[in-house]
Amino acid sequence: MIEKIADNITSPLGMDTAANYEAVLKGYSCLKLHKCKWDIPEPFMASLFEDGAINDNFAAMGGDVSLYSRFEQLCILSIAEALNQAPQVDISSDRTALVLSTTKGNVEALDIGYCGSGNEYLGESAQKIADYFGFTTTPLVVSNACISGLCAQIVAMRSLENGRYDTMIVVGADVQSRFIVTGFQSFKALSQEQCKPFDINRQGLNLGEAAATVIYRRTDNENHDCWQAVRGAIRNDANHISGPSRTGEGSYRAMRAVLKGIELKEIGLVNVHGTSTPYNDEMEAIALGRIGLNHAPINTLKGYYGHTMGAAGVLETVLSMRALDDGIVLATRGHEQCGTSVPVNVSAQHRNTNAKSFVKLLSGFGGCNAAMLFKKGGET
Amino acid sequence: MNWVRIRKDSIKINGTTLPTNHCGMEMLKEVYKQLIGGYPKFFKMDALCRLGFIASELLLQQESPRITDTERRAVILFNRSSSLCDDRSYQTTIQDTEKFFPSPAVFVYTLPNIVTGEISIRNKYYGETLFCVLDKFNANEIFQVVKESFLDSMTNDVITGWVDCESDDDFEASMILVGPNDPDFNPDFINEIYKHN
Amino acid sequence: MDNLQDILKQQIIDALNLEEIEIGDIDNDAPLFGEGLGLDSIDALELIVLLERNYGIKIKDPALGKEIFKSVNVLYDYVSKNRTK
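Chains as they are written, first to last, in numbering that gives the first Met the number 0: chain A, 0 to 379; chain Z, 0 to 196; chain H, 0 to 84.
Wrong hints could be hidden among the right ones.
Claimed, not checked - Once the Cα atoms are required to be at most 20 Å apart in a straight line, the calculated DMTMM-like pairs of lysine to aspartate or glutamate come out as:
| id | chain 1 | residue 1 | chain 2 | residue 2 |
| --- | --- | --- | --- | --- |
| 1 | Z | K146 | A | E119 |
| 2 | A | K36 | A | D15 |
| 3 | A | K259 | Z | D168 |
| 4 | Z | K40 | H | D39 |
| 5 | Z | K135 | A | E49 |
| 6 | A | K187 | H | D60 |
| 7 | Z | K28 | H | E34 |
Claimed, not checked - Distance windows between CB atoms, simulated:
| id | chain 1 | residue 1 | chain 2 | residue 2 | range |
| --- | --- | --- | --- | --- | --- |
| 8 | Z | E97 | H | G33 | 49 to 57 Å |
| 9 | A | P40 | H | D76 | 22 to 30 Å |
| 10 | H | K59 | A | L66 | 16 to 24 Å |
| 11 | Z | Q33 | H | G33 | 28 to 36 Å |
| 12 | Z | P179 | A | T246 | 23 to 31 Å |
| 13 | A | N222 | H | K65 | 37 to 45 Å |
| 14 | H | D13 | Z | P179 | 29 to 37 Å |
| 15 | Z | E25 | A | P40 | 14 to 22 Å |
| 16 | A | L66 | H | N2 | 24 to 32 Å |
| 17 | A | T246 | H | L3 | 35 to 43 Å |
| 18 | Z | E62 | A | D89 | 27 to 35 Å |
Hints in this document: simulated from the structure, not taken from any laboratory. Nothing here was measured: the structure is a model prediction, and the numbers come from that model. Backbone N, C-alpha and C define an ideal beta-carbon position, used for all residues, glycine too.
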């Protein structure tokens, strides 16, 4: 069994999982309209750290801010806080490894005006982060567009199941930049208003920055207090490099793989991708309908954080676990009236639940889709 | 086990040199026109995707009959420079605030996993697609990640390898199609193909 | 090249990397999307950038693009009437 022993969320809403959960329970979000930021002509709605916030926190932790980029500092902050909860983890062991999930890392370093200390090679960033903590094994970067955060957890799970490692630290992170924001603008994918997941008036997504960490270990003894990563699958639409499949092909197939042999009524929550673009949410509703989970409670956290890219898969997994611990299916902030051709069970209010198992979904450019099934030990 | 090795000035298939008249991107276009063709999307791809696409086509031309329309084949690729070649191209479309015309057709390729998607679309592979980045080529890490990918019981075989593209004229790829029980599937073999001259 | 239709065709070929297509292959009244040239949603977005860069035409709503990019002749009419450079 693969069980979670520690986690962290570092976001504009807070520097640990508890602070993030409290903020989300109260319906808070740091999504706001940014005008003229990074010399981008068109205003954009995003959830960003305050200027200097990452730097200040990193310095307060005793880190040398001149040696690490903003992105690397964010990753280190998140990993360090998670490790604080898990003193038993032997970082320098050859049985412990790091997986970094990111889409764009230090891409802002490509700008001629960049004056930070990062370079654009993701593998070098991962090595710097690994060296900070004293890992002795090779860090792996998973860069699989918006599904990276689930892919990284799936890769980590497999290494544990295979017995290659005993403990895996998975960190997902992305920071925003002129590069990423203008790219999404050119795709006409951004909404200048706060996003409206699965809503009839949804117009596009918001971007966000965050890091999240989850630490897994392999165990033979089922611990009823621990969340388990049960199964994960990655599938492709084989259809188009940017447009989601009209039949939800890859998402449906990924869900079918992780739900094999599972009674659908046991699934208490599907935490979907829910970017709030017209095509993504429609595709996910179709996939949920095909698998028969359109009546199960679903939610998405994009209305609180925006789309945090490489962090999303880890952040949304950790927060879903935290909420279910409390017996809550978190509200889908920004949703008002269901607007997908297959109606789904989504709510703008927090809902109570006894469920201790959920499915996490993501989809991304390149036609990729991922699903993971999690449960709390001893149940389902 | 079939394999393909592409360097900026040479192509080898299972150890045999494929005769070409050009280098760099022109060589990839030459191979497309001579041996593939009929897929105009090739010209829309960025350099990394063209490289991965050509390598996969040459590899799959060795397969008889060629398998398509399947969920049982995964595409798992690795490199060092992610999508940097295209990232740099996109940066030029936004660098200047006077000539600011961000290009969606360039931006869409600023993710390394798009090449795995292009191969899946071409062949109708609904299976796993995964892209991993390493600080440097590491045959053992590639071997382990691919070996562990067979823990997904749907996956029968994997198109895998190293597909790295620094620029239009500076790239390298080594690609294999492996099943879990292929006797040659080990780190030494992955290393040997990568280093093959 | 002296007429705007041909200029537009060449700009489309260049912007969308239609390497194996020539001006003579594109009929003025044939649909640009769907079968014909095999263009897709990314191409439509790229054509919007082309109009802004070369003709100073800003299109906020991608749905409008669908109307304008029906054929070279429809595009020609729109560009003639709306160009600012």
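Checked hints:
1. Z/K146 - A/E119: violated, 29 Å
2. A/K36 - A/D15: violated, 27 Å
3. A/K259 - Z/D168: Between A/K259 and Z/D168 the Cα gap is close to 46 Å, so the pair fails against 20 Å, i.e. violated.
4. Z/K40 - H/D39: holds, 10 Å
5. Z/K135 - A/E49: Status violated; Cα separation ~35 Å.
6. A/K187 - H/D60: holds, 8 Å
7. Z/K28 - H/E34: violated, 24 Å
8. Z/E97 - H/G33: 49 to 57 Å: At roughly 36 Å between Cβ atoms, H/G33 and Z/E97 fall outside 49 to 57 Å, so the hint is violated.
9. A/P40 - H/D76: 22 to 30 Å: For A/P40 and H/D76 the Cβ distance comes to about 28 Å; the hint holds.
10. H/K59 - A/L66: 16 to 24 Å: violated, 43 Å
11. Z/Q33 - H/G33: 28 to 36 Å: Because 30 Å falls inside the window, the suggested range holds.
12. Z/P179 - A/T246: 23 to 31 Å: holds, 30 Å
13. A/N222 - H/K65: 37 to 45 Å: With Cβ atoms ~55 Å apart, the hint is violated.
14. H/D13 - Z/P179: 29 to 37 Å: For H/D13 and Z/P179 the Cβ distance comes to about 46 Å; the hint is violated.
15. Z/E25 - A/P40: 14 to 22 Å: violated, 37 Å
16. A/L66 - H/N2: 24 to 32 Å: Since A/L66 and H/N2 have Cβ atoms about 60 Å apart, the given range 24 to 32 Å is violated.
17. A/T246 - H/L3: 35 to 43 Å: Holds, at about 41 Å.
18. Z/E62 - A/D89: 27 to 35 Å: violated, 45 Å
The structure fails hints 1, 2, 3, 5, 7, 8, 10, 13, 14, 15, 16, 18 (numbered hints given earlier, in ascending order).
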